[in-house]
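Colleague: Could you fit the two chains together into a complex? Lean on the hints.
As given, the protein sequences belong to chains A and B, one line each in that order.
All residue numbers for the first sequence refer to our numbering, where the first residue is 1 and numbers rise by one.
All residue numbers for the second sequence refer to our numbering, where the first residue is 1 and numbers rise by one.
Careful: at least some of the hints might be erroneous.
As the list claims (entries may be wrong) - Some chain B residues close to chain A (C-beta under 10 Å, calculated; not the full set):
1. E64
2. R69
3. G85
Unchecked claim - Result set (DSS-like, lysine-lysine): computed pairs, CA atoms no more than 25 Å apart in a straight line:
4. K147(A) x K4(A)
5. K295(A) x K339(A)
6. K276(A) x K32(B)
7. K273(A) x K4(B)
8. K364(A) x K295(A)
9. K4(A) x K339(A)
10. K122(A) x K110(A)
11. K4(A) x K29(A)
12. K4(B) x K91(B)
13. K32(B) x K49(B)
14. K64(A) x K91(B)
15. K110(A) x K64(A)
16. K4(B) x K276(A)
17. K147(A) x K295(A)
18. K122(A) x K339(A)
19. K273(A) x K91(B)
20. K110(A) x K91(B)
Don't read these hints as lab results, they were simulated from the structure.
Glycine residues also receive a C-beta, built at the ideal position from the N, C-alpha and C atoms.
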Amino acid sequence: MEEKFDAAIVGAGPAGISAACILADRGVKVIVLERGEYPGSKNMFGGVLYGRCLGRIIPDYAQKNCPIERNIVESRISYLSEQGSISFAYRDHAFFEELQNNAFTVGRAKFDRWFADQARAKGALVVCSTVVTDLLRDEAGRVIGVKTDRADGDLRAKVVLLADGVNSPLAARSGFRPEVRPGKVALAVKELIALPEEVIDERFGVSAGNGVTNEILGNVTAGMNGVAFIYTNRRSVSIGIGANLSDFARQRVRPYEMIERLKLHPAISPLIKDGKPTEYIAHWLPEGGFETVPKLFGDGFLIAGDSAMLFNALHREGSNLAMASGRLAAATILDAMEKGDFSSRTLQAYGARLEESFVLKDLKKYRRFPSFLETHKELFTTLPDGVSAALRTILTVDETPKKTSQRAAWQAMRSRTAPLRLLHLIWDAWRSIR
Amino acid sequence: MSAKVEDKLFLNRFNVDDESHLRLIDPDVCMKKCDDQPCLYICPANVYKMEKDRVSVNYEGCLECGSCRVGCPHFNIDWRFPRGGYGVRHKFG
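This is chain B alone, in the form it adopts within the complex (with noise of 0.2 Å):
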């Protein structure tokens, strides 16, 4: 059984954009001013990571919830849908 995110993701096709859908508007407050960082939990996969000095947003494997967006203590993830036909593509559903 795949216990880590990357083998579930793994399992999906995606149609990755060259552009991120997903931005964090100021990243200073992510390292600042939001304590509970609650976007490195609640993310299904696992989109934001704690890297050094900032958090990185590997948009590629993004299941296009939304949680992120309304998760965010400080409003500050600007989420738009991926281009038309982009992003994840679900086979089965």
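For reference, chain A alone in the conformation it holds in the complex (with noise of 0.2 Å):
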């Protein structure tokens, strides 16, 4: 490709999309480059996007068919034992009305692709079933251009937005960010179980397109520190499991064996019963947090979304960082334009962007919380199965006084974690998050 580009971006997911609708609306020339036969082929999440962010780069979406599987209403919180589940729901009806689609559902294959349309509508050049192997640099160092699988390979733009997700090896060949360690990021695998829509309805309680979400956590990881869940599409609901990637070398224990005891616990089972599976996929979530957060910018180049490790593991919150930072990203490249300069003395705008928006400040706030997950495994190991033996205890009707079933309960729980133990959980968990 011999044309000069105004941008480059690597990656046509919600960072590098936003980016290019932004850029595209403002008449820079841009190009986005997708490795997957069409955007969102390669991509996964849990199921949850957030309208804000999207609105804050196509304002009326609902408008333009923006393919939206459910509406949230209800989010709930699961804690599994062996046996029982204890749950946590919250349903507003202000999630029907005033806050629709604060958050809904959608499936990335079909999302990412009308996403790029609207970019595509606007100007952008998306190009798919390209791989960026490489950048392209000067003889300085700076970032000039990418390289690419095509005969005609190279291509050259002012300036580069590495939008191209959590695995990259792009990334470690480059140096822009160093390769992932095992122990930074979850894998996760999800099912897609298709259902009737009224029996998904009837299930989870909702209806008219409105939908729930389902967090699990407990000894389902297998004492691996992980989480799962079920989210509600139109006709069918997404299960996933996922934990630490070094915990899954640790125990062998197996992704898909995994997430079928998760489909054959008592609590998980009727929600998918007579489901047929009709997809089976898998994907890293950059669970590091704020120390795995890498240099996010460089002489001619800007790293956006997943790429950049950007995500909020206790707030399920990562496509919206993503949508997020690439508007961010894309604010910069434009005063970059104006200034004619994409070196780092301009570009770093951009970080200092970022840590004034809820981005960096949400990751710095609870930066400390990746590593309680990794020292309070009692949270996915003896924990869950306490808490349900002083349940069970306490609510087993059988002409036991009450002090004597109270004391058994309080047993059941400490012979499992140690009081001074949970003190410590309980304190560590405040420090992690405050």
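Modeller: In structure tokens:
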């Protein structure tokens, strides 16, 4: 490709397309390179996208037929033991109306394609089936374009935005981000289970395109630091489970066996009963938090989204951080276009913009959270069964005096997790999120 | 419910390239130096299988997560993305 572009974007996911939309809108000559056959064909997340962040890019997304599966009106968290389940659910009428589409589910194969079409309509060039294999640099080391796996593969641009996701061999090769260490990512697998719309409505107590998200913790991750989920789509539910990659290696747990066990759990199996599995995919989550965020810019390049490890594990937020970082990267590129300077001197404003936004503020706030989970494995091992046994004892009605049964419940709890350990857990949990 | 990984992979769409995008750099390392062989466990598509005298690489079902590349204690896996347009194709995502 002989043509020279103002901006080359690697990856047609939420970060790259957000930036492409804004840049194309302002007349910047932008090309997006996507390795998949179509945008979204390689992408996966749990399933939840956030309307406010999308609205900053495409204000009338709902009118433009954004492929929304279900508007989320209820968020559940379940803590599972071997046989039991403790759940907390919050449903609010506001999420039906004034906060409609605060969060909604999408499938990435449809959504990313739709999102890329919005960028195309604004004038961005989105080229699929093209792998970026390396960065082009000048003698001074400044990034001046990308190498691709096409025959005429070199492509020059004034600035390159790396938005190629968490699994990026390009990152390690080009040195813009150190190779991922297994302890700093979670490996997640997800199955799509097809069910009739009315069956999903009934099982989750919703109707008219509304839905539920259910985060699942406990010993379903076989003692590993991880989390599972069930999210409702229009005519399917997404069920997934993930855990720290180092834990997988250490415990020799096979991901596809773990998701089978989850599906058989007495609290989960009724939700997916008679459903037909239609897809099985896997992806990483950049769960390392603030400590793993690389340098976000340099001479001629910026990094956004999962590529920059921008992910908030506690709040299940990733796609919105990707969109926000893509938007802030685009704003910085627009400044650079005006100045005609694409060195890190100008691009460093991107770092400042992220610092001032919720993106880095949130990651900083929760910087201790990843190590909290690493050091409190009882959350995934002994605690679920302890809490379960205690509750079972309290709820069993058999003429035992309450004083005796309450003592037995506490005994059930403390025999599995020592009281001092519990105190530590509460103290460290509070410290990690305050 | 599909319990076997083969049944799960059968649900997916793949555009399989003739050439593997995954390669063991030195197959001897897997057999002689690697005690844990985590690739046999962590891969969500069971791409790596222990044969009589070697580890086989069944790249056709690779879900492209990257876990084997960083999980290999000897960095013995040459891992590339499949050529543009090849590999797994998510229907829903």
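Colleague: Would you mind marking each hint as holding or not holding in the structure?
Modeller: Status of each hint after checking the structure:
Annotation: E64(B) was flagged as interfacial toward chain A, and the flag holds, the nearest CB pair being 6 Å apart, inside 10 Å. Given hint, R69(B) at the interface with chain A, holds; its Cβ is 7 Å from that chain's nearest Cβ, closer than 10 Å. Hint status for G85(B): holds, given a least beta-carbon distance of 3 Å to chain A, under 10 Å. For a cut-off of 25 Å, the pair hint linking K147(A) to K4(A) stands: about 13 Å separates their Cα positions.
For the suggested pair K295(A) and K339(A), the alpha carbons sit about 22 Å apart, so the restraint of at most 25 Å is met. With a CA separation close to 43 Å, the supplied pair K276(A) and K32(B) exceeds the 25 Å bound. With a C-alpha separation of about 18 Å, the suggested pair K273(A) and K4(B) falls inside the 25 Å cut-off, and the hint holds. For the proposed pair K364(A) and K295(A), the alpha carbon gap of about 15 Å is at most 25 Å, so the pair holds.
For the hint pairing K4(A) with K339(A), the CA-to-CA distance comes to about 18 Å; that is within 25 Å, so the pair holds. At roughly 19 Å between alpha-carbon atoms, K122(A) and K110(A) fall within 25 Å of each other, so this suggested pair holds. Of the supplied pair hints, the one linking K4(A) and K29(A) holds, its CA atoms being roughly 9 Å apart against a limit of 25 Å. For the hint linking K4(B) to K91(B), the alpha-carbon distance of about 20 Å falls within 25 Å, and the restraint holds.
As the CA atoms of K32(B) and K49(B) are separated by approximately 16 Å, the hinted pair is consistent with the 25 Å bound. Of the supplied pair hints, the one linking K64(A) and K91(B) holds, its CA atoms being roughly 22 Å apart against a limit of 25 Å. A distance of roughly 14 Å separates the Cα atoms of K110(A) and K64(A); the hinted pair therefore holds under the 25 Å criterion. About 15 Å separates the Cα atoms of K4(B) and K276(A), which keeps this hinted pair within 25 Å; it holds.
Only pairs whose Cα atoms come within 25 Å are accepted, and K147(A) paired with K295(A) is accepted, the gap being roughly 22 Å. Straight-line distance between C-alpha atoms of K122(A) and K339(A) comes to about 23 Å, which keeps the hinted pair within the 25 Å bound. With a C-alpha separation of about 22 Å, the suggested pair K273(A) and K91(B) falls inside the 25 Å cut-off, and the hint holds. Proposed proximity of K110(A) and K91(B) is supported: the alpha carbons are some 8 Å apart, at most 25 Å.
Comparing the model with each earlier hint shows a violation of hint 6 alone; every other hint is respected.
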